[in-house]
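Listed below, chain by chain, are the residues.
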Amino acid sequence: MLPAKRTDAAHDQTLQSVVDRLTGGFPDRPDSPEGWVTAIRRLAPRAAEYAPFPDGLDERLAQALTARGIEQFYTHQATAVGHTLAGRNVVITTPTASGKTLCYNAPVLSAILKDPSARALYLFPTKALAQDQLAELHDLANRLLQSSEAQIGVFTYDGDTPQDARRSIRGRAHVVLSNPDMIHSGILPHHPRWAKLFENLRYVVIDELHAYRGVFGSHLTNVLRRLARICRHYGSTPTFICSSATIANPRELAESLVEEPFELVSESGAPRGEKFFLFVNPPVVNQQLGIRRSYLAETRRIAAEFLKRQLQLIVFAQSRLTTEILTTYLKDDFGGQPGTSEQVRGYRGGYLPQRRREIEKGLREGTVRAVVSTNALELGIDIGALDVCVMAGYPGTIAATWQRAGRAGRRSSRSAAVLVASSAPLDQFVVRNPSYFFDSPPEHALINPDNLHILVDHVKCAAFELPFTTTEQYGKHNVQEVLGILEESGFVHRTGPAEAGPHDEESTDGTWQWTNESYPADAVSLRSISSDNFVVVDTTNGADVIGETSFTSGPPTLHEKAIYIIEGALYQVEKLDFDGRKAYVRQIDCDYYTDAITSTKVTVLETFATGFGIRDSGFEKLAVTDSVSNPESRIPNPDKSHGEVHVSSRVVGFKKIKFYTNENVGSGELDLPEQQMHTTAYWLTVPRSVMAALPYASDDRRDGVVGLSFAMRQVAQLLLMCDRQDIGISIGSGEQGDETDLTRMGIPSKLSEEPRIFIYDNYPGGIGFSEPLFQMHENLLTRTRELIAGCECPHGCPGCVGPVGNTGPLAKLVALRILDLIAAGTAVLPVSA
Amino acid sequence: MSSLADRLRGVLGPAKAGLYDNDERRGRLQPAHASDAAEILGGEWRESRGRKFLVVDRKYSPGYRHGKVSVADCLPPWSRFELLGGTSGQMLFLDLETTGLAGGAGTYAFLVGCGWFEPLSPLASAGQVVCFRTRQFFLTDFGAERALLEAVGELAGNLACIVTYNGKTFDLPLLETRYSIQRMATPFAEIAHVDMLHPARRMWRDEEVECRLTYLEQALCGHERESDVPGFEIPSRYFQYVRSGDARPLQAVFEHNRLDIVSLAMLTARAAQLLEEGPSAAITSREAFGLGRLYERAGLMDDAVTSYRRAAGAGPATIRVEALRASAIALRRLRRYEEAATAWHDLLASPRCSPAYAREASEALAVHHEHRARDLQMARNFAVQSLSLQGTPARQQATRHRLARLDRKLGYAPPPQSAALF
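As given, the protein sequences belong to chains A and B, one line each in that order.
Sequential numbering of the first sequence, starting at 1, is according to this note's numbering.
Sequential numbering of the second sequence, starting at 834, is according to this note's numbering.
Hints listed in this document are in silico derivations from the structure and should not be mistaken for laboratory results.
Ideal placement from N, C-alpha and C gives every residue a C-beta, glycine not left out.
Among these hints, one or two may not hold up.
[As the list claims (entries may be wrong)] Computed footprint of chain A on chain B; a stretch qualifies when at least three of its residues, placed anywhere within it, have a C-beta under 8 Å from a C-beta of chain A: (1) 934-941; (2) 973-982; (3) 1063-1077.
[Unchecked claim] Some but not every residue of chain A turned toward chain B, in silico, with C-beta under 7 Å: (4) H190; (5) L452; (6) H453; (7) I485; (8) S489; (9) W514; (10) T515.
Put together the whole structure using the sequences plus the hints.
Laid out in structure tokens, this is it:
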């Protein structure tokens, strides 16, 4: 049975009472990092702000919208639609459920109504999102068909589109809903078949823009460069409409992805009810090891508080496995009577589409009272607005957290979002430093489209699609030089200018023709940097390929005895065939995972920039004058740098780490081939004087640097909005021929006089993290200090400088001391002999 | 730091040895080489819009023999060519050599090979000398593609039909893409197209080998190619020419393409003549069977049955089984029920008859005996036999119904535990 409909006031009262129970009735108290609820924020309600339909919006569309109950736009919609109708590119970053899709559907449909030859291309990061948008667009298109007999064809075109339907779609689609991978390998290389689309392409819509960062974003820029070449060839100049979750640099990201100027629309005019945001940290149960109570049990308890008062809620879990665990817990607690419809549902990728639609509908209609989901429901799938969102674990970025929290929030009533921290370092940092989340700008999404590995792949694809001319430009590097090198390998051939007749309109440039049998797009995956990969073969029953991983992350994740996790199922690697690029695994049941110990050496090839970190502003000048006046005095090296490096790494062993507690429960030794790459890195140089000023034994000083690097890595990951495997860390002198021995844990047994901590891009050629890290140096060190100082463990734990077993007992103390000395500018003090 | 060029070389890996040496590089686009192509390949330069391409013409006199078949043996008109989807009138045999098999904007048709019988028009005066001609359009300079495609279009101007081998999937879509890249309309859009791959597979496929043109040429004409270029080598020979200007490696490619066109014309003629002369002209039972299929598709059921009967008469048991089944079905459609029943009987009696065909045959015979021959006991026997062979649940159900009805008609008491039967 459905709960009786309550008035808004009664509903608000109920929600308030649960929040009071959780917070002890003091919603306005200050942050308390040591408490169970570490932070509470109240976000004030906001009234709707409306604006009339902009001039230039087709009258028939305006009528169809009115018939649907939309008589005017929210202000952000009106502004965005105004820009796009005028042909200006726009990026929209308003919250979840603020009516973003209308910002692009309105101008697109309006343009098609005015000129039926007009075309639009929509890009979604996943196929599921395209399907969801298809329903929305079909509805509007049908209304327009009935009211004004306008035939508007809307189709998805992706890997799932049947071959025999493709030709008809090419002919009939006004709006094509697709994904970057399909544009890259299915549409651009076959552009002649799409001539009608490219000749009339008026709008390109890129939804979920923030998903295109790192490698994926760097690839997308190149796909869009190729799209631009094709559009130029067919004589069209589309306007871009992008929508993004809240990130620090939406306009910058849009401009670097599309390489054109953008207008930013970030002020939402959509109404919002009052919202509470709570941070919860499960209490410590083992002070010595820094072990907390299971965050899943906490999540279950909190969700139950809301659910038993009939508040509809969504629980976000971090993996498919935890999704299933939490679904089971909540079903046990709220299973409903047999025969009634299920009130608690799970939701994740891997469920059949029909089942997903049924759950989405149940949520919209209120028959489903609670859903436990992976990030599958984070993106814009329509499930209506719920009362409460509980997040089991920090979603990894500020942007994703706000997007998930946005799933709760009705227009006129109260809602709540609760973040339950796990024991992972990132979670612990965020939950203990609430201001990082609430008060600082969200993360930067970073890309590096001119990474040579990525660029060269796409230059090949572009040359296949249309010959380059000998004066054409593409990307930041000199593409003519790139083509010259491609010619050496026979990919292209340069032909001279035409012996043009007097009336020939063609330019006198020569061209670079594609002279290779291959279809280059097939060899390029947009989701990784190199097509060389390892496949994972499950030999439990026969031999099934169950996964793959990139070449660089192969050895650390697929070495023998490694635990490989996919969809929550655990496998152990029995054999790694390095040359054959295959790992043979068998399903097992165990309570630990493995973490490879990689011995990494970084050699600096070229320093792009150096600078001084947190010091008095006068310091640099002082140092210079000092050196002039007194050449004998020691001039400290600058402490922050970035540049090109050579990284050689070898997996030498692994640790077994217990789930949930992160305890180290064993280890093993390995001997795998060395991997080498050129990439970019940021590095911190700990000045000689700082090292000398540390009143500790040399082993303790080393532990301090190692602990510092451990903590810096966590914070860098946080600031860069990247995944753990996107960056690597190494300690060393960075000089050629540094033959320092490494311990079994992969750290130097002895430090050089001025050790450097490298944080490098874990992709050949670099993916654009190093320079931003160099710019964020001060912030990085400040946050790292907060992470270490704020951790209540006595000597180090997985949440700060690493578990005590890895680093010595003084690591935490020494790491803090190093940071303090650097900050105080101790380097300028004369070094005592 | 290394220069951009060095870093790029690092990214790309070492250039493949031998693919592209410096001598070739220096030689590129040298006029001396470029003019050689016409001489080496035996063609003439054509020029249009300041762009040059090469046209290579060959004539094959009526006495020219391709194995044991001569051009004179193949001459049109072919009265039943329309059964293959062709039309009477001028036809063009087309075969492309391309820079790859993947398709897409970067795959070029560097050689457009065409062939036709002369006189092109069947209305030409009777005294005219008949022959077969090939014309190959060769793209020596990528910039000349538009001019080349225009020239191909002119040749296609008055065509009634084009004939290809696998052209529905490969050659024509690829040419369409080339026209479309040059922003030109394809001249083949409104023209009938006969893709000989499918009829050839019906009539001449051997289970053991892929049904390639060179195989058919050998099987049908007894023609053995000497030092033919393997297909996979063709793109690289062309790229080598593009870089070096040396056309010699392409001689064999041109010959390969011409042989393909002549073979295509000859096998089309063979198919058309078979359709004209009927199954008595078929040499193998497979050919007769394939011919039956072609007739059946065209709705010529009597001709189809004659062909199937001939196919069933001799030859391997696998073909005999297929031919018997096909003829039984065709005869039933022609309402020649007695003959159909004979064919089903023969099928059941064949040693290579599969359980599925046996079930189909016994079911058909049960129907025949119940409704046409009115021999209920026989009908029941066949129904029981059909049940003993595995069928889909729906079919099993239908047969059980039939059996129950037959038992009623025969006046048998319903079996006490009917399930025991099965």
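For each hint, the structure was consulted:
1. With a threshold of 8 Å between beta carbons, the proposed coverage of the region 934-941 of chain B by chain A holds, since 7 of its residues qualify and at least three are required.
2. Check on the region 973-982 of chain B: 3 of its residues sit with their Cβ under 8 Å from a Cβ of chain A, so the three-residue criterion for coverage holds.
3. Proximity of the region 1063-1077 of chain B to chain A, defined as three or more residues with a beta carbon under 8 Å from a beta carbon of that chain, is established by the 5 residues found.
4. Interface hint status for H190(A): upheld, as the beta-carbon distance to the closest one in chain B is roughly 5 Å, under 7 Å.
5. The criterion of a C-beta within 7 Å of any C-beta in chain B is met by L452(A), whose closest approach is roughly 5 Å, and the hint holds.
6. A distance limit of 7 Å between C-beta atoms decides the matter here; for H453(A) the minimum to chain B is near 5 Å, and the interface restraint holds.
7. The criterion of a C-beta within 7 Å of any C-beta in chain B is met by I485(A), whose closest approach is roughly 4 Å, and the hint holds.
8. Taking 7 Å as the C-beta contact cut-off toward chain B, the hint placing S489(A) at the interface holds, the least distance being around 4 Å.
9. The beta carbon of W514(A) is positioned within 7 Å of a beta carbon in chain B (closest approach about 4 Å), and the interface hint is therefore held.
10. For T515(A), the interface hint holds, the least distance from its beta-carbon to any beta-carbon of chain B being 5 Å, beneath 7 Å.
Of the hints listed earlier, there is not a single one the structure fails to meet.
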